[in-house]
Amino acid sequence: MSVHSDTFALELDGLSKEYPGVRAVDNVSFTVEKRTVHCLVGENGAGKSTLVKMLTGALRPTSGKIYVAGKNHTPTSPQEAREGGIATLFQELHVVDELSVIENLTLGMEKKRFGFFVKSDLEDRVVATLKAIEPSIDPTAPVSSLSVAQKQIIEIARAASSGADIIIMDEPTAALSEREVERLFGVIRRLRESDVTVIYISHKLDEIFELGDNVTVLRDGKHIVTKPLSQVNGRSELIELMIGRPVFQDYKPRTTVTDEVVLQASGLSNALLKDVSFDIKKGEIVGFYGLVGAGKTEIARAVFGADKYSGSIALNGKQVGHSPREAIAAGIALVPEERRTQGLFTSLSIRENIPVMNLPRMSAGGLYRSADEVSAAQEYVERLRIATSSIDKHTEKLSGGNQQKVVFAKCLFSQAELLLLDEPTRGVDVGAKTEIYEIIKNLADQGDAVAVFSSELEEVLGICDRIFLLFDGVVREELANGPNIDISHILNVVTGGGEAAVQ
Amino acid sequence: MTSVADFLPQKETGRRMSDESFITLLVVGVAIGLFLLASAVLPNFFQFQNLVNLVTNNWAVISLGIGVSFLLVSGNFDLSVGGVVALSGVLSVYFAQAVGGANPLSSGLGMPYVLAIICAMGGALAIGALNALFVVRFKIPSIIVTLGTMMVARGVAQVITHGSQRNTNLPDSFGFLGNLTMFGTSIKLPVVLMVVLLLVAVFIEKKMVFGRVTYWIGSNPVAATLSGINRGWHVTKLYLFSAAIAGAVGILLASEFKSGFSNRGLLMEFDALVIALLGGVAIAGGFGSVIGMFFGAIILAVVTSAATGLVLSPDWQFILKAIAVFLAIMAQTWALALRNR
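Protein chains in written order, with the numbering used here: chain P, 4 to 506; chain Z, 181 to 521.
Bound conformation, chain P alone:
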């Protein structure tokens, strides 16, 4: 039993989570005061999501303790976490469109006897909670008629009426418009007034300054600081705390960059992109950096013809067709964001995966040359150093890094002039990461053009010659990489800050 149970809603004491070879959360201790909005910030991989998963019972800590209102909190499932007083709002909505508001609110909490519902005060309770949070929503309306923000409020109401004292919100504004964000903030403030503690996670620093009482910064799994936001000296101090050190970058200017434009994209627009224009030169590695939802994947998919767009894309001066097939034929290859669902044929072997993007090279008159397939597989396994006992191994059974190398092999086999790499090292261990960076650099040195779409700043700063900063579907700025690059400026731009916000 903790002694501070009356002032602190949540206490973490030496919390750690270890994975083989890495400490995702490393001896983190801090406290969250009752009736506050407590913000949690950090770069990708700082340990935020691991921490949240331990609070909600999805992961169990390797060591350390969690106290909720003074009581030891050891949930083994989200259900148990909720009973212990912590409810979570995830980025994706978990409401049932076909049911009414009130049915959604009581879902899973209904009182039952012999499989039949029995009357209880539950409905009155949830309606009262909803009224307190947002009186404008009709409890009998079907959820499908509500806006995204209203649906989010339904989720908040559900969390609040479950009796949770702490509600964790993970990027709740990712899908909301500006006006909806304002309303959500109103709801969060009213929650705070009704004795609920909110733990708020966001990449958007403006929101944090507008809403938060206190902030905790995590970096590399370690707790850096917890302090009132009133004592934080603006965005720049917060950014400094988040990076904490010169960002690791071993970028060396490359000599093979030419002036010859390979890809010219102009005025790309679709549901997310707004008038995106850029060019990529022969032998160059360009980076597209932005937060989740800034439009990186959308640009890659548009150039590859996988998504609809308006605007024009020309490779070596020739217009590229609007389908992956035509893009590949023109000389563009894509390493997709999700390798398991979009890149790999997991039920097939390495050998069977590699040739798919270049069938003309594998066949003559419709006849498939199996012998060439074997030699191609052997060549690429060796060239990309794919660690496997056999080229006939199912890609399903390879490690993340080796799976990614197989996807690379597929693209290299297509002999493309332009490679689009969407999150090329996501979920890949450090060793394989370095190897993949080597592969990318070698490709550019051989005269290919490479575009890296990444939400990891280190990655972009480490290998790219030129960097496009994205925010909200717009290319905000173009920078040449070099030793004097201003990292806090980059972070400021991609989190939505204008020039003026830099202090």
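Warning: the hint list may mix true and false statements.
Said to hold, decoys possible - Simulated DEER-style distance windows between Cβ atoms: (1) Z:372 / P:372: 26 to 34 angstroms; (2) P:386 / Z:379: 33 to 41 angstroms; (3) P:62 / Z:443: 53 to 61 angstroms; (4) Z:502 / P:100: 34 to 42 angstroms; (5) P:402 / Z:212: 38 to 46 angstroms; (6) Z:309 / P:325: 19 to 27 angstroms; (7) P:143 / Z:443: 49 to 57 angstroms; (8) P:61 / Z:323: 44 to 52 angstroms; (9) P:77 / Z:506: 58 to 66 angstroms.
What the hints assert, rightly or not - Examples of chain Z residues toward chain P, derived with CB under 10 angstroms: (10) 309; (11) 386; (12) 388; (13) 390; (14) 393; (15) 395.
Don't read these hints as lab results, they were simulated from the structure.
All residues carry an ideal CB built from backbone N, CA and C; glycine is no exception.
For chain P, the structure is supplied; the task is to place chain Z on it using the hints.
Structure of chain Z alone, referenced to chain P:
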């Protein structure tokens, strides 16, 4: 403990037999084992003629199984083939029947037989095109689409035959194809066509780009599209091929019996599905082979014919098929899990 895999040949240079060859060998093994078991129990079962009959009696289902297997490998169902068999058979009769018979069921369009066959094939391909249209263009699950077109095809056949059959007023040439015996033996043309079709299918599956593309699509349709494969067109071709095979089967059966019967090929779509599954074709797509499907048909044939040879009455055949399917699929899942442990 040793696994089944230990007894199977391993190639040198670190290459290992694929799961697909493994399952095919397993299916072949089970088929041979069951045949020997039945031979040990039943007198007169172990005869060459009996072995031949197991294949020749099932030429129709095995032929349908080829199209169905390719589609399953691509991740799509085709339940319409039984209906197409009825439709094309009935159409070929209706088109070939002379004009002005004594009653509505004995008068047709009076086309020359060759033209009648071509038009009947057109009807079959129309069903295939309908399947492709709904599955590819409107993205409706193939199991629903082909269940619908199965009923459409049989329904049209039923209307044309008034729910009965047409077997009068046909030219003599009509019975020629279905009853032609080959090479001085009792083996009929349809059986020979089935064998040719099997060989071509195996060649396409193993040696041609077309076969390989089918596996890619079935294994991961999203990745296939992102790898530049024209998925919609490929699946369209598969549905057309499957319908064409079913159309030919229907025409040959109508010729063999010199009649167009709206209930012909009833439940054949399910037999074709069952032999494909027995042969190790994965219902989720991306896995399986035509050779496996063929031996799946042999397993089913041995089980049903052995059962009728035993004390059981033919009424038991559905139960036996059910048991065979459950056992075979459990055995395959188990063997694969053991091998890939």
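Comparing the hints with the structure gives:
Against the hinted window of 26 to 34 angstroms, the Cβ-Cβ separation of residue 372 of chain Z and residue 372 of chain P comes to about 31 angstroms, which satisfies the hint. The hinted range of 33 to 41 angstroms is satisfied by residue 386 of chain P and residue 379 of chain Z, whose Cβ atoms lie roughly 38 angstroms apart. Checked against the hint of 53 to 61 angstroms, the C-beta distance between residue 62 of chain P and residue 443 of chain Z comes to roughly 60 angstroms, which is consistent with it. For the hinted restraint 34 to 42 angstroms between residue 502 of chain Z and residue 100 of chain P, the CB-CB distance of approximately 39 angstroms keeps it satisfied.
The hinted range of 38 to 46 angstroms is satisfied by residue 402 of chain P and residue 212 of chain Z, whose Cβ atoms lie roughly 40 angstroms apart. Checked against the hint of 19 to 27 angstroms, the C-beta distance between residue 309 of chain Z and residue 325 of chain P comes to roughly 26 angstroms, which is consistent with it. Taking the beta carbon of each, residue 143 of chain P and residue 443 of chain Z are about 53 angstroms apart, inside 49 to 57 angstroms as hinted. Checked against the given bound of 44 to 52 angstroms, the beta carbons of residue 61 of chain P and residue 323 of chain Z, roughly 35 angstroms apart, lie outside it.
The hinted window of 58 to 66 angstroms between residue 77 of chain P and residue 506 of chain Z is violated, with their beta carbons roughly 43 angstroms apart. The restraint placing residue 309 of chain Z at the interface with chain P is violated, with a minimum CB-CB distance near 22 angstroms, outside the 10 angstroms limit. Against a cut-off of 10 angstroms between C-beta atoms, the interface hint on residue 386 of chain Z holds, since the closest Cβ of chain P lies about 8 angstroms away. At about 5 angstroms, the closest approach between the beta carbon of residue 388 of chain Z and any beta carbon in chain P falls short of 10 angstroms, and the interface hint on this residue holds.
Look at residue 390 of chain Z: its Cβ gets to within about 6 angstroms of chain P, closer than 10 angstroms, so that hint holds up. At a threshold of 10 angstroms, the smallest CB-CB gap from residue 393 of chain Z to chain P is about 8 angstroms, leaving the interface hint in force. Contact between residue 395 of chain Z and chain P, as hinted, is supported at the beta carbon level, the nearest pair being about 7 angstroms apart and thus within 10 angstroms.
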